[in-house]
Amino acid sequence: MNYIFYFLIVISIIAGAINGRLTDVVNAILSGAELSVKVAFSLIGIMAFWLGMMKIAEKSGLVQLIAKIIKPVTKHLFKEVPEESPAIGDIAMNFSANALGLANAATPIGIKAMEELQKINQDKKSASNAMCMLLAMNTAGFQLIPATVIAVLIGIGYKNPTEIIAPTLLVTSITFLSAITLAKIFEKFWKPQKEND
Amino acid sequence: MFQTFMNIISLWALPAILLLILTIGLFKKVPLYETFTEGAKDGFKVSVNIIPYLVAIIVAISMLRASGIIEMTGHILAPILNWFNVPVDTIPIMIVRSLSGSAALGVFSDIAHTLGPDDYATKLAAIMVGSSETTFYVLAVYFGAVGISKLRYALIVGLIADFIGIVAAISVCNLMF
Numbered sequence: 027m028n029y030i031f032y033f034l035i036v037i038s039i040i041a042g043a044i045n046g047r048l049t050d051v052v053n054a055i056l057s058g059a060e061l062s063v064k065v066a067f068s069l070i071g072i073m074a075f076w077l078g079m080m081k082i083a084e085k086s087g088l089v090q091l092i093a094k095i096i097k098p099v100t101k102h103l104f105k106e107v108p109e110e111s112p113a114i115g116d117i118a119m120n121f122s123a124n125a126l127g128l129a130n131a132a133t134p135i136g137i138k139a140m141e142e143l144q145k146i147n148q149d150k151k152s153a154s155n156a157m158c159m160l161l162a163m164n165t166a167g168f169q170l171i172p173a174t175v176i177a178v179l180i181g182i183g184y185k186n187p188t189e190i191i192a193p194t195l196l197v198t199s200i201t202f203l204s205a206i207t208l209a210k211i212f213e214k215f216w217k218p219q220k221e222n223d
Numbered sequence: 031m032f033q034t035f036m037n038i039i040s041l042w043a044l045p046a047i048l049l050l051i052l053t054i055g056l057f058k059k060v061p062l063y064e065t066f067t068e069g070a071k072d073g074f075k076v077s078v079n080i081i082p083y084l085v086a087i088i089v090a091i092s093m094l095r096a097s098g099i100i101e102m103t104g105h106i107l108a109p110i111l112n113w114f115n116v117p118v119d120t121i122p123i124m125i126v127r128s129l130s131g132s133a134a135l136g137v138f139s140d141i142a143h144t145l146g147p148d149d150y151a152t153k154l155a156a157i158m159v160g161s162s163e164t165t166f167y168v169l170a171v172y173f174g175a176v177g178i179s180k181l182r183y184a185l186i187v188g189l190i191a192d193f194i195g196i197v198a199a200i201s202v203c204n205l206m207f
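Residue numbers (this note's numbering), protein chains in the order written: chain W, 27 to 223; chain D, 31 to 207.
A hint or two may mislead.
Only part of the chain D face toward chain W is listed, based on derived beta-carbon distances under 7 Å [to be verified]:
id: 1; residue: 72
id: 2; residue: 75
id: 3; residue: 107
id: 4; residue: 200
With a straight-line Cα cutoff of 25 Å, these simulated BS3-like cross-link-like pairs (lysine-lysine) come out [stated by the list, open to error]:
id: 5; chain 1: D; residue 1: 180; chain 2: W; residue 2: 85
id: 6; chain 1: W; residue 1: 85; chain 2: D; residue 2: 75
id: 7; chain 1: W; residue 1: 151; chain 2: W; residue 2: 94
id: 8; chain 1: W; residue 1: 150; chain 2: D; residue 2: 59
id: 9; chain 1: W; residue 1: 85; chain 2: D; residue 2: 59
id: 10; chain 1: W; residue 1: 145; chain 2: D; residue 2: 71
id: 11; chain 1: D; residue 1: 75; chain 2: W; residue 2: 151
id: 12; chain 1: D; residue 1: 58; chain 2: W; residue 2: 64
id: 13; chain 1: W; residue 1: 217; chain 2: D; residue 2: 75
id: 14; chain 1: W; residue 1: 210; chain 2: D; residue 2: 59
id: 15; chain 1: W; residue 1: 150; chain 2: D; residue 2: 58
id: 16; chain 1: D; residue 1: 58; chain 2: W; residue 2: 105
id: 17; chain 1: D; residue 1: 180; chain 2: W; residue 2: 151
id: 18; chain 1: W; residue 1: 94; chain 2: W; residue 2: 105
These are computed hints drawn from the structure, not numbers from a lab. Note that beta-carbon positions come from the ideal geometry of N, C-alpha and C, so glycine has one too.
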């Protein structure tokens, strides 16, 4: 990540200079910083709401019940996570919320899952295998119905916007399966102590 | 028929989850209000924890987008992708979709409005945007919330999967439309 951070900024400055857009690049620092805080603050309310709801779901045993149901799948994907950890149930709910297109719920629940994984993580600065797997599941963006895209298509008078669902679902499934397969492969040889990215 | 079914799902998914959580909670005699507020307390802390990570990623990406490098890369890639029957208009989406969700949606919306519903580019763009998630943003938020700064292979896996997603979108769209 050190290199990526360095290159993103250096490339921006060089390309900005070449294109005569250095002023824009400099202005982007301020607007980007403002946007970051805006994004974080806009998360506070919805984050609080779902963390509250998840606490109820946990105390009532619902999270543990879901964890038990999906155990056959998760025990392969999240080997190092003990069965009794609430992380598994959170992960399942994060996946379901994503699949249903409920991004506002998926993010807080996913973060809650990350917190549970952090509790059992050896090195608190470095991502564990389970954390990388959860991230892979989320960056792949699996969802059953691409609602926003369909809304745009309806807006331009697309005759049959639902015809986009099947191909999108196929592509997102391929991406999702690739992501978890890659995460599984990488965890075999990318051991925590050696990394420096 | 299918469309009505879909509408019902998107309308009821969230209310159904809330009903389920609260009803089971009540049934199991969980003090609902007390438990909710106890969990919700962390909302502020978690959101504030994310800020440094978000600033690093969003500022870097904002600078990148302002620098014009995305258009430059698009020009370089155009002849190659043209050879694969990929419309030039969709190239910015491929570059930007791992970096910024709103930018990708913006480009898609542009394509849809200028080229219209019958254009192949509109369909490909729709599939590419609908099947992607903003890898860098997810990374900053999820790892930032728990203070993880050593990512190991997480970003690489995300980016390779994004690339596979682009190839899959082009292939599937070619086959179906």
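Structure-based check of all given hints:
1. 72: Cβ of residue 72 of chain D sits 5 Å from chain W, so the hint holds.
2. 75: violated, 9 Å
3. 107: This hint is violated: residue 107 of chain D lies away from chain W, its Cβ roughly 15 Å from the closest one there, beyond 7 Å.
4. 200: Violated, about 9 Å.
5. D:180 <-> W:85: violated, 32 Å
6. W:85 <-> D:75: Holds - the C-alpha atoms of residue 75 of chain D and residue 85 of chain W are around 21 Å apart, at most 25 Å.
7. W:151 <-> W:94: Violated, at roughly 30 Å.
8. W:150 <-> D:59: violated, 36 Å
9. W:85 <-> D:59: holds, 9 Å
10. W:145 <-> D:71: It holds: about 19 Å lies between the C-alpha atoms, which stays within 25 Å.
11. D:75 <-> W:151: The given pair, whose Cα atoms are some 18 Å apart, holds under the 25 Å limit.
12. D:58 <-> W:64: violated, 38 Å
13. W:217 <-> D:75: violated, 31 Å
14. W:210 <-> D:59: Between residue 210 of chain W and residue 59 of chain D the Cα gap is close to 40 Å, so the pair fails against 25 Å, i.e. violated.
15. W:150 <-> D:58: Outside the cut-off at roughly 35 Å; violated.
16. D:58 <-> W:105: Violated: residue 58 of chain D and residue 105 of chain W sit about 30 Å apart, past 25 Å.
17. D:180 <-> W:151: Holds. Residue 180 of chain D to residue 151 of chain W sits at ~6 Å (cutoff 25 Å).
18. W:94 <-> W:105: Within the cut-off at roughly 15 Å; holds.
Checked against the numbered hints given earlier, the structure breaks hints 2, 3, 4, 5, 7, 8, 12, 13, 14, 15 and 16 and satisfies all the rest.
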